[in-house]
Amino acid sequence: MSSQDIPEENLPAERAADEHGAVSVADEKHPFADPGLPPHEHRIQDIDERAAKRSERAVAFLFTMSMLATVGFIAAFVAIPVDEIVYIWPLGHISGLNFALGMTLGLALFCIGAGAVHWARTLMSDEEIADERHAIEASPEDRAKVHADFKQGAKESALGRRKLIRNTMLGALTLVPLSGIVLLRDLGPLPEDKLRHTLWRRGKLLVNMNTDEPLRASDVTVGSLTFAKPEGLEEHDHEFQNEIAKAALMIVRLEPKDIKDKRELEWSHEGIVAYSKICTHVGCPISLYEQQTHHVLCPCHQSTFDLSDGARVIFGPAGHALPQLRIGVNDEGYLEALGDFDEPVGPSFWERG
Amino acid sequence: MSTTTTKDSRSREKAPAGEKVADWADGRLGIYSLAKANMRKIFPDHWSFMLGEICLYSFIIIILTGVYLTLFFHPSMNEIEYHGSYVPLQGQMMSEAFASTLDISFDVRGGLLIRQIHHWAAIVFLAGMFVHMMRVFFTGAFRKPREINWLFGFLLFVLGMFTGFTGYSLPDDLLSGTGVRFTQGAILATPIVGTYISMFLFGGEFPGGDFVSRFYSIHILLLPGIMLGLVVGHLILVFYHKHTQFAGPGKTNKNVVGMPLLPVYMAKAGGFFFLVFGFIAMLSAVASINPIWVLGPYRPDQVSTGAQPDWYMGFAEGLIRAMPGWEINLWGHTLVLGVFIPLVLFGLFLGVIALYPFIESWITGDKREHHILDRPRNAPTRTGFGVAWVTAYMIMLIGGGNDIVATHFHLSINSVTWFVRIGFFVGPVVAFIVTKRICLGLQRRDADKVLHGRESGIIKRLPHGEFIEVHEPLSQEALHTLTAHEQYKPAEIGPAVDENGVERKVKGSQKLRAKLSNAYFGEDNQIPKPTAEEYKEITSGHGHH
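Just so you know, the protein sequences line up as chains A and B, in that order. So for the first sequence, our numbering puts the first residue at 1; every next one is plus one. So for the second sequence, our numbering puts the first residue at 354; every next one is plus one.
Source of the hints: derived by calculation from the structure; they are not laboratory data. Glycine is no exception: its CB is placed at the ideal position from the N, C-alpha and C atoms. Don't take each hint at face value.
Stated by the list, open to error - Only pairs whose alpha carbons sit at most 20 Å apart, straight line, appear in this in silico EDC-like list of lysine to aspartate or glutamate:
hint : chain 1 : residue 1 : chain 2 : residue 2
1    : B       : LYS389    : A       : GLU132
2    : A       : LYS260    : A       : GLU270
3    : B       : LYS607    : A       : GLU132
4    : A       : LYS29     : B       : GLU830
5    : A       : LYS53     : A       : ASP126
6    : B       : LYS497    : A       : GLU137
7    : B       : LYS607    : B       : GLU839
8    : B       : LYS394    : A       : ASP126
9    : A       : LYS29     : B       : GLU887
10   : B       : LYS595    : A       : GLU127
11   : B       : LYS497    : A       : GLU132
12   : B       : LYS607    : A       : GLU270
13   : B       : LYS389    : A       : ASP131
14   : A       : LYS194    : B       : GLU839
15   : B       : LYS720    : A       : GLU137
16   : A       : LYS194    : B       : GLU558
17   : B       : LYS394    : A       : GLU270
18   : B       : LYS607    : A       : ASP131
19   : B       : LYS595    : A       : GLU270
20   : B       : LYS595    : A       : GLU128
21   : A       : LYS29     : B       : GLU890
22   : B       : LYS595    : A       : GLU137
23   : A       : LYS29     : B       : GLU839
As the list claims (entries may be wrong) - Pairwise CB distance ranges, derived in the manner of DEER restraints:
hint : chain 1 : residue 1 : chain 2 : residue 2 : range
24   : A       : LYS194    : B       : LEU424    : 31 to 39 Å
25   : A       : ARG196    : B       : ALA480    : 37 to 45 Å
26   : B       : GLY582    : A       : SER125    : 33 to 41 Å
Claimed, not checked - Computed footprint of chain B on chain A, listed as stretches where at least three residues anywhere in the stretch have a Cβ under 8 Å from a Cβ of chain B:
hint : region
27   : 95-105
28   : 300-312
When you get a sec, could you build the whole thing from the sequences and use the hints?
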């Protein structure tokens, strides 16, 4: 990738005219020569003092508007209650204070900007000036000097000669950041089998998420989607968020004859099936149920699962079926779990297997 | 020491106060040598040069409003019962982070405004960087000596995305929590270390009680700290390199033509800061953004439909939505390709931006400094690549909102997804070909204008009855501008045998380079610009038009 293998003639030739300033007259040899900067054209404000005065007044007007807007901002802050809702067409019912503060602050700022820009455009000199560029890279002398200085310094440090110092120093500098990395260890626990277990146990009742009451088999009707949590998990619990993130359940009742998957039928109770609510793609809660087809859809990334066929993926980016929870009915007619999920719920991970 | 030379008699007797202060500061800071080089520094004028300014100003606005927000925000995930002034959420369990965001929105006077300015400015900042980078890319402003500044800008864009993401995750509302969950799910898909990273990042299982306070220090300190450094470096380099300019009369690679910093650019750029700030403040007065009170606090088992990230994360969202759910189970392990491939593509898709200047300079072999901007048409292959990239990005943006597209236009979500899946591969190719064709067409038109002049619209009837359109010759300025661009010759590998007839070894990389060079500068890939000879032959008046 060095420059040596690139023949010079592939680079476009720089035109002589570009090198030494503009060629002002196009001649036979240089029909496209650079005519140089065009002459400066005066604006009306440069010639007509009345026009310049008009510009001055416009700028002053804008700055004055800004001052008034700031006064308005303070007045609005003091006068308008924070909870006042006003109707403003076409925005609808909005916070009056937010609208007033935003508009006055915006106006105060915008007028300063508009004034400054108008001032620059109409009253400050608009004559274009050319400035020379200088090469970014150093002159050969500077370059040679720096290289020599560096060699001198390196030599005086004896780093190249005393290999033992160099090697041990590199060793020390390599090792020392390890302490920083080790310190990060306690950011969190090791995964172990945390992702494999949920709160579900044999005998845990299925509690309706909305009513907080244990579900009876008769409560679940065909065509409805019910969300459930394990009994004993309350919103005020310290671990509620972590536990519900794994244990959330959706329950539907199908006609047993509609269930195509043999295991699904075995794990159901009279056609009532319980599936993990957490999508196997990246973990959104699934919430859309299509009664006719028994499909559920994750609203985040549209993975679609067929609840009548082992919740297999029929569309979208999810990689595997939703885990099913084996359920039954206890002596009192309440739905209960017959164990934990037999596979991890939620998104896939390396150790999932 | 500078002594005043004005004719004003007052100042001859006694230097004005400002001058005294400046002298005092110069004695201690040496400001005059700095000011000497920069006070009347020349900045060229072009509308596209203000795009970068929008980024800088929105960044400043974000910092100002962000500091204000930290005064009221509680970065804590402690669950509390809400008893604030927003009635619909009374008595609900929520994190302190969410509750304090509600307080900022409903109880702190002006809090909602500052929150909305902060969020709108972030959106403008990212959009500004996106467009600014397109400007720099399509005009070739990334070429030597500005490659490092391109990298600074690239890093700012990527860090800006993550700062935005960590920022909108802080309120711990239902929407942002869903986004964090998505991120955690994507992290889990990383082979071998996924579960470890997830446990360490969240302090245990998702959501845990730590991520808001951790995101907070990342969002307000770590990332903006790095970004501030990069912004300063970016600006120093802009000053040091001096600004690029378009070719034109009097504008060469060795000069910079424009207006001086003091006063014109001071006023224009300084004024523009206020314009941007004022615009965003008014936007925040009328346009609600991220109304977290509508969404409610985050619960891992709840979700709203139409969940969308902020726009700059949309293409990542699209990648993850469009990817088929491939999963490989082998030897007791799972390779979650359906999530991991989008994760890798996300990195590659952005990474190629960083690499492009180095790829192009390798192909051209050009080691010279470039201060004259290319017109996009004069670099058809580069322009084609750029448009292809933007096309892929936009298709993924559509993919990220496939549900919104489906519901708004009454389309099937499945067909939108399939359109995105196919479009991701086909769209960029079509865009590349079309763009290149258009560029070549425009080059031909430029060449035609130079050689035959401008179509005047005047129809003349010749004595023998033929109608012709009169072409007006171009001005010298226009002739120069249209022929000022440089054209490379394609690199050649050279003869297959050396002078002694022995077969030459040509490295694979050299063959690739020659191929690419040909794709950039070969016969059909750029239109040779008119030469002086062609021009003379045509204009010497041998009767043809």
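We went through each hint and held it up to the structure:
Taken as a hint, the B/LYS389 and A/GLU132 pair is honoured in the structure, with Cα atoms around 15 Å apart against an allowance of 20 Å. Under the criterion of a C-alpha separation no larger than 20 Å, the hint pairing A/LYS260 with A/GLU270 is consistent with the structure, at around 14 Å. Restraint check: the Cα-Cα separation between B/LYS607 and A/GLU132 comes to about 6 Å, which is no more than 20 Å; the hinted pair holds. With a C-alpha separation of about 17 Å, the suggested pair A/LYS29 and B/GLU830 falls inside the 20 Å cut-off, and the hint holds.
Proximity of A/LYS53 to A/ASP126 is assessed by CA-CA distance (about 17 Å); at most 20 Å being required, the pair is judged to hold. For the hint pairing B/LYS497 with A/GLU137, the CA-to-CA distance comes to about 11 Å; that is within 20 Å, so the pair holds. A hinted pair counts as satisfied when its Cα atoms are at most 20 Å apart, and B/LYS607 with B/GLU839 qualifies at roughly 15 Å. Only pairs whose Cα atoms come within 20 Å are accepted, and B/LYS394 paired with A/ASP126 is accepted, the gap being roughly 14 Å.
A hinted pair counts as satisfied when its Cα atoms are at most 20 Å apart, and A/LYS29 with B/GLU887 qualifies at roughly 12 Å. Restraint check: the Cα-Cα separation between B/LYS595 and A/GLU127 comes to about 19 Å, which is no more than 20 Å; the hinted pair holds. In summary, the hint linking B/LYS497 to A/GLU132 is supported, as the alpha carbons are separated by about 18 Å, within the 20 Å threshold. Taking the CA atoms of B/LYS607 and A/GLU270, the gap is near 85 Å; set against the 20 Å cutoff, the hint is violated.
Our distance criterion of 20 Å between C-alpha atoms is met by B/LYS389 and A/ASP131, whose separation comes to about 13 Å. For a cut-off of 20 Å, the pair hint linking A/LYS194 to B/GLU839 is broken: about 63 Å separates their Cα positions. Our distance criterion of 20 Å between C-alpha atoms is met by B/LYS720 and A/GLU137, whose separation comes to about 11 Å. Under the criterion of a C-alpha separation no larger than 20 Å, the hint pairing A/LYS194 with B/GLU558 is consistent with the structure, at around 8 Å.
With a C-alpha separation of about 83 Å, the suggested pairing of B/LYS394 with A/GLU270 is violated against the 20 Å cut-off. Distance check on the hinted pair: B/LYS607 and A/ASP131 sit about 9 Å apart at the alpha-carbon level, within 20 Å; holds. Between B/LYS595 and A/GLU270 the alpha-carbon distance is near 78 Å, which puts this suggested pair outside the 20 Å criterion. Of the supplied pair hints, the one linking B/LYS595 and A/GLU128 holds, its CA atoms being roughly 16 Å apart against a limit of 20 Å.
Distance hint between A/LYS29 and B/GLU890 is fulfilled; the C-alpha atoms sit about 12 Å from each other, no more than 20 Å. With a C-alpha separation of about 14 Å, the suggested pair B/LYS595 and A/GLU137 falls inside the 20 Å cut-off, and the hint holds. Between A/LYS29 and B/GLU839 the alpha-carbon distance is near 18 Å, which keeps this suggested pair within the 20 Å criterion. A beta carbon spacing of about 37 Å between A/LYS194 and B/LEU424 agrees with the range 31 to 39 Å that was offered as a hint.
About 43 Å separates the C-beta atoms of A/ARG196 and B/ALA480, a value consistent with the hinted range of 37 to 45 Å. For the pair B/GLY582 and A/SER125, the beta carbons lie near 36 Å from each other, so the given range of 33 to 41 Å is met. With 9 residues having a beta carbon nearer than 8 Å to a beta carbon of chain B, the region 95-105 of chain A meets the requirement of three or more and the stated coverage holds. Check result for the region 300-312 of chain A against chain B: holds, 4 residues qualifying (beta carbon to beta carbon below 8 Å, three or more required).
Comparing the model with each numbered hint stated earlier shows that hints 12, 14, 17 and 19 do not hold.
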